[in-house]
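I would like the entire structure built from these sequences, with the hints used as guidance.
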Amino acid sequence: MALLDIQGVTRRFGDFTAVDNVSLAVEAGEFFTLLGPSGCGKTTLLRMIAGFDLPDAGRILLNGEDLADSPPELRPVRTVFQSYALFPHMSVEGNVAFPLQMARVPSGERKARIEAALEDVRLQGFNRRYPHELSGGQKQRVAIARALVTHPTMLLLDEPLAALDAKLREDLSIELINLQKEVGIAFVYVTHDQTEALALSHRIAVMNRGRIEQLDEPSKIYGFPRTRFVADFIGHCNLFSGPIREANGSLALVDVDGLGPVRVATATSAAGGARGTIALRPEKIRIAAEAPSGTPDNHFHGAVRDLLYMGDVTVYRVAIEGGTIVEALLANSQSGRAKFFEVGDAVDVSWPVGAGHFIVE
Amino acid sequence: MGSSAPHPEPLAARGEREPSTREAGEGRRKPRASLGKWLVGAPPLLYLLVFFAAPTLIMVLASFRSPGEFGGLAPIVDETGKLDLNVDSYVRFVTEPVFARVFVKSAWYATLTTLFCLLLAYPLATLIAKSSRKYRDLLLLLVILPFWSNFLIRIYAWMIILGPNAALAKLVNGTLALFGAAPVPLLFSGFAVLVCLVYVSLPFMVLPLYANLEKHDQALLDAAQDLGANAWQRFWRVTFPLSLPGVYAGAALVFIPALGIFAIPDILGGPEDTLIGNLIKQQFLETRDWPFGSVLSIVLTVAALMLAGIAAWVGRRGAGRRA
Ligand SMILES: Nc1ncnc2c1ncn2[C@@H]1O[C@H](COP(=O)(O)OP(=O)(O)OP(=O)(O)O)[C@@H](O)[C@H]1O
Ligand SMILES: [Mg+2]
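Those sequence lines, one after another, are chains A and B.
The numbering of the first sequence is this note's numbering, which starts it at 1169 and goes up by one.
The numbering of the second sequence is this note's numbering, which starts it at 8 and goes up by one.
Hints listed in this document are in silico derivations from the structure and should not be mistaken for laboratory results.
Since the structure is predicted, the reported quantities are computational estimates derived from the model, not experimental observations.
It cannot be assumed that every hint is accurate.
Rough simulated footprint, nothing fancy, chain B against chain A, three-plus residues with beta-carbon under 8 Å [unchecked claim]: (1) 1234 to 1241; (2) 1260 to 1271.
In silico SDA-like links for lysine to any residue, alpha-carbon gap of 20 Å or less [as the list claims (entries may be wrong)]: (3) K222(B) with P1256(A); (4) K222(B) with M1258(A); (5) K288(B) with F110(B); (6) K222(B) with S1251(A); (7) K137(B) with A238(B); (8) K222(B) with H1300(A); (9) K1335(A) with N1346(A); (10) K1452(A) with D1516(A).
Partial pick of chain A residues on the chain B-facing surface, computed with a CB cut under 7 Å [stated by the list, open to error]: (11) A1218; (12) T1247; (13) F1249; (14) S1251; (15) A1253; (16) Q1306.
For each residue, glycine too, the CB sits at the ideal point set by N, CA and C.
This is the structure in structure tokens:
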């Protein structure tokens, strides 16, 4: 039995459906992420798990028990709010002690629990500080310590790192992974940042317009996006669409608009005539001065239109003769020239048939 | 309230801004900024000096002089050419316990008024702060609506409401009669004074409380609930402590005027409801003992100042912990 079981949950605001028939299950000890663009209903779903909002349809079960009738204060889940929501009139210790007091933990036991929670988030010695005396990252740690101190069954985190700068976000991400492993509590993590989601999660549910588009492990989400939306939202991706000319079990030939015929490996048996999309990650594309010979790879001629030098890699945007722009990523060589091509260079882009991922529409 | 005031110290301490550049910038701006400050601040300062500080000084001087033979003040230089300044009136205040008793009574009435105002205003201010923006202005308007009619008229209105032939008195005394109790007069009693004091003071409690509660962050209440706090705990542990600056401000605005009020006990009070305000009025207008009236006034002013000081200090201490 899953720890958290969400069954067909729907939430409407007027005639707008913010969460649309969502079903998912979170296992004990899992780091589960809800990923999606702004306004796709992540917070609404999280608030329903926490109990601040009620579904219009569907059920939410925790440990097999329907939560419909328990108010937020009685649910064994804790939320870490994006705005931290630390009590400004209480010290760090007062904040962390609050849930213990609410749970009537005897005061003798409290001190040790507070110290342990502050140690978990590496904030020992900050007991007497007040929230306005803390940095953003420290506030976030206090919020997490406060949520963890009562050992809830599940932690809900709503974009906890969104307000922090990039470097701190990375540091805290690593800490979050370690912390989650250490305490063994299931995390339901909300973010619109795909890098964060890929790095942190055991499983990701990609949401769009209130629906789950794909629920999978990070590598599957990245490598085998099931829909055009997922492919486009997660990382950079070349998306080539067109009618399927022919398909036989393992291989399909697609007439990509503005590019030409492209062969792609496929697991699904797509019918000829239907439209399909090939999702191709830039790093899977080879870019060379001359066309490869004697390979069945797809290849096209074009010219470098613009490039983005990023230190370790360079992103080349190649204009193919048909008019399509193909984005290719090339690691820069350590020795010799930093970049292999310049703007205007004639190049040949190619990729094996297995490099692209085929999505039937 | 103080909670919204900027706190440059913690900001600088956290290193979010570079202290050196900040100070340099402020240093450059200083001369012109202070000139502007004086231009803007001088007229009200002058006004306070002329109409508040000067009369206060005159009153302090009067408190050390002797009462005149037919009221008012005796000449400051007596027949023998000696300066006639003494502390007789202060001695009288300290040695005759009746005056201290009136003070205590006034403080008691003012305390009760403040408490009842707080009890009534808190739910009202909460209601206004939580209502939708559409109704908020209307509700605030209703709170200050009584100010649109004359203060004395509103007090006289209570005379009618509490009068022996009005519905309220009949209802109360009718109910008492059912239980075989003797009828009580509502008018000309401490009850009437208190009811009216609460009535006229209520807006002064509602407005600062509303201003405070309106700024409260719903996320804090959500967090408290999420962490296991029930409705009462959310109020007592989060909302109320955060509203204390508003409570102090409201309490000061209610308590201090209530301490010196004279019109309400004059009109609605019984013989025992003489408060310090009435006493001062009597000294100046009836007994015409100006020095003693001045002493009473000064004692009242000092007491009010001390209370305001305490309120400000407590308020600042509370606000200092907030961001
Ligand atoms: N109380 C509400 N009344 C009406 N509409 C609402 C309400 N709460 C949310 N919505 C709408 O529901 C949609 C989903 O909102 P939600 O806050 O869940 O988005 P989100 O995925 O968390 O977005 P973000 O990443 O920007 O936080 C939004 O279009 C929002 O406008
Ligand atoms: Mg959100």
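Worksheet item: For the hint on Q1306(A), does the least C-beta distance to chain B fall short of 7 Å?
Response: Cβ of Q1306(A) sits 10 Å from chain B, so the hint is violated.
Discussion item. Min Cβ distance, A1253(A) to chain B: is it shorter than 7 Å?
Written reply: holds, 4 Å
Worksheet entry | Interface hint for F1249(A), Cβ within 7 Å of any Cβ on chain B | holds, 6 Å
Worksheet item: Between K137(B) and A238(B), is the straight-line Cα distance small enough, at 20 Å or below?
Response: holds, 15 Å
Discussion item. If you count the residues of the segment 1234 to 1241 of chain A with a beta-carbon closer than 8 Å to a beta-carbon of chain B, do you get 3 or more?
Written reply: holds (count 3)
Item to complete: With a cut-off of 20 Å on the C-alpha distance, tell me whether K1335(A) and N1346(A) pass.
Response: Holds - the C-alpha atoms of N1346(A) and K1335(A) are around 17 Å apart, at most 20 Å.
Worksheet item: Do the numbers back the hint for S1251(A), that is, is its least Cβ distance to chain B under 7 Å?
Response: holds, 5 Å
Worksheet entry | Claimed coverage, the segment 1260 to 1271 of chain A by chain B - three or more beta carbons nearer than 8 Å | holds (count 4)
Worksheet item: Does the nearest C-beta of chain B fall within a distance shorter than 7 Å of the C-beta of T1247(A)?
Response: holds, 5 Å
Discussion item. So if I understand the rule, the pair passes when the alpha-carbon distance is 20 Å or less; does K222(B) with P1256(A) pass?
Written reply: The given pair, whose Cα atoms are some 13 Å apart, holds under the 20 Å limit.
Fill in: Hint consistency between K222(B) and H1300(A) [alpha-carbon to alpha-carbon, up to 20 Å]
Holds, because 17 Å separates the two Cα atoms, which is no more than 20 Å.
Discussion item. Does S1251(A) sit within 20 Å of K222(B), going by the straight-line distance between their CA atoms?
Written reply: holds, 15 Å
The structure is inconsistent with hint 16 alone, although it conforms to all the rest.
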